[in-house]
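Below, each chain spelled out in residue letters.
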Amino acid sequence: MKNNIVISLKSVSKKYILHHEKPTLVESLFKTKEEFWALKNINLEIKKGQKLGIIGPNGAGKSTLLKIITGITVPTSGSVKAKGRIASLIDLEAGFEPELTGEENIYINGLLLGMAKKEIKNNFNRIVKFAEIKKFIDSPLHTYSSGMKLRLGFSLAAFSNPDILIIDEVITAGDESFQRKSYEKIQEFCHQEKTIIFVSHILDILKKLCPQTLWLDRGKIKEFGLSKKVVNKYLHFN
Amino acid sequence: MRHNQFIDLLLALTEKEIKARYKHAVLGFLWIFINPLVQMLVMGFVFSLIFKFGIKDYYLFLFLGLLPWNFFSLAINKATPRIVWDRSLIQKSNFPRAVIPLSMVLSHFFHFAVSWGMLMIFLILMGQWQFLTLKALGFQLLAIILLLIFASGLSLITSAYNVFYRDINFIVQAVILIWFYATPIIYPFSAIPSNYQTIFYLNPLLTLFSLLQKPLVEVNLPLSLVLIHVLIILLTLILGWIFFRKKAPYFTDWL
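Just so you know, the sequences run in chain order A and B.
Be aware that the first sequence starts at 132, since it is given in our numbering, and climbs by one per residue.
Be aware that the second sequence starts at 77, since it is given in our numbering, and climbs by one per residue.
Everything labelled a hint here was simulated from the structure, so no lab data went into it.
Don't take every hint at face value.
[What the hints assert, rightly or not] Simulated pairs of lysine-lysine, PhoX-like, Cα-Cα distance not exceeding 25 Å:
{"#": "1", "chain 1": "B", "residue 1": "K92", "chain 2": "A", "residue 2": "K248"}
{"#": "2", "chain 1": "A", "residue 1": "K249", "chain 2": "B", "residue 2": "K95"}
{"#": "3", "chain 1": "B", "residue 1": "K92", "chain 2": "A", "residue 2": "K249"}
{"#": "4", "chain 1": "A", "residue 1": "K212", "chain 2": "B", "residue 2": "K95"}
{"#": "5", "chain 1": "A", "residue 1": "K248", "chain 2": "B", "residue 2": "K323"}
{"#": "6", "chain 1": "B", "residue 1": "K92", "chain 2": "A", "residue 2": "K171"}
{"#": "7", "chain 1": "B", "residue 1": "K323", "chain 2": "A", "residue 2": "K266"}
With the sequences and hints as input, model every part of the structure.
Next up, the structure:
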């Protein structure tokens, strides 16, 4: 991997076996398996500081691609390399424990995101302030509204000091003032040397944030290039 | 870095597990002490009336066996389905997955350690000094550490397998139940007819429990057997670790 390349995928394919119900031991011995290729032969290199947009219809393999980049799942064939800490703003509420307080959740989720204990401590006040949950920090998470949980999730990821940031439709999370705040935060990341992968159906924002866009369709790269061009083609295609 | 995250997460999740259990109980952390106390009272009164096996201080014999057994069985039973339950954690990031079953084992080990400490205080109050000699304490420590290793190794295997085959959870529950009666815990090894004793040699827990019960009942196991049992236990952890590492990348595909 060259020095300035932080993510590199070489002929990555991902096969899923469809389970219509939870597999049981007996079933797995006798039933034939239904296969499904979510990604086929993807080659991709992302440079440090690059801002890449990803578009494509539902079921195109966007989520699978992100999961492979974050290392949450592994490809069936091909190789993946990613350098640096990755934070994903995809499933913001994942990892929260309803019985624990906001503070305890910040601590555990910070560790899950790869932060060191000290880092969490140092950033604790900023996380709480940004999420606007200071009053409720000692309350169990199941008393939080969904908006509060989303804000906390966003705030945690944002302050985990990632090298690579993966953003989904989170800008639409929370109320208007928080949307503005999170958008500003993302723009701040854009001005820094952070690598950003932005998956969205909101093509205007995507064009604004990312110079380049990748168009996925049925597990394959359909187009890759300047956002303006790719987005235009995508719009005409549909 | 990776190593640090592993330890930090392991401890944080263990703490979370311990805290979460008593979170909304009025008596809170007092339950950590009340639970084993009630357990021991029940064991002492009920079991002692039914069984005796000609052991003096039979209730002490029971405490020595049942407290560690409870840890062992609870740890494995709770750790086995845990990865499936914690799927939301796994979807969050690429952290070392082994912290999930191991934190379950450790949190139960914490409760066991508390109850063991209470048992020791009880033994002092009763003036049962034969349990508190350097030799007896050394055997206890050895047995307890090996039990922790064994429970960890088995939990790594069962919890990983349970992601792919959910039947494992039920199989584990059944096996643990059988294992309880197949291990000299509520009866001494000498109660087994001598022509069956060799079958019991297959059970690595035999060594551990006879180490714990030594001050009360002497079991003379061949040294080679003891060493083989220890080896099996250590191998379980090593193989369990390797197996888990191999399977962990595929967990998300099955959750």
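Verification of the supplied hints:
no.	hint	verdict
1	B:K92 - A:K248	holds, 15 Å
2	A:K249 - B:K95	holds, 22 Å
3	B:K92 - A:K249	holds, 18 Å
4	A:K212 - B:K95	violated, 38 Å
5	A:K248 - B:K323	violated, 28 Å
6	B:K92 - A:K171	violated, 41 Å
7	B:K323 - A:K266	violated, 42 Å
Of the hints listed earlier, those the structure fails to meet are numbers 4, 5, 6, 7, in rising order.
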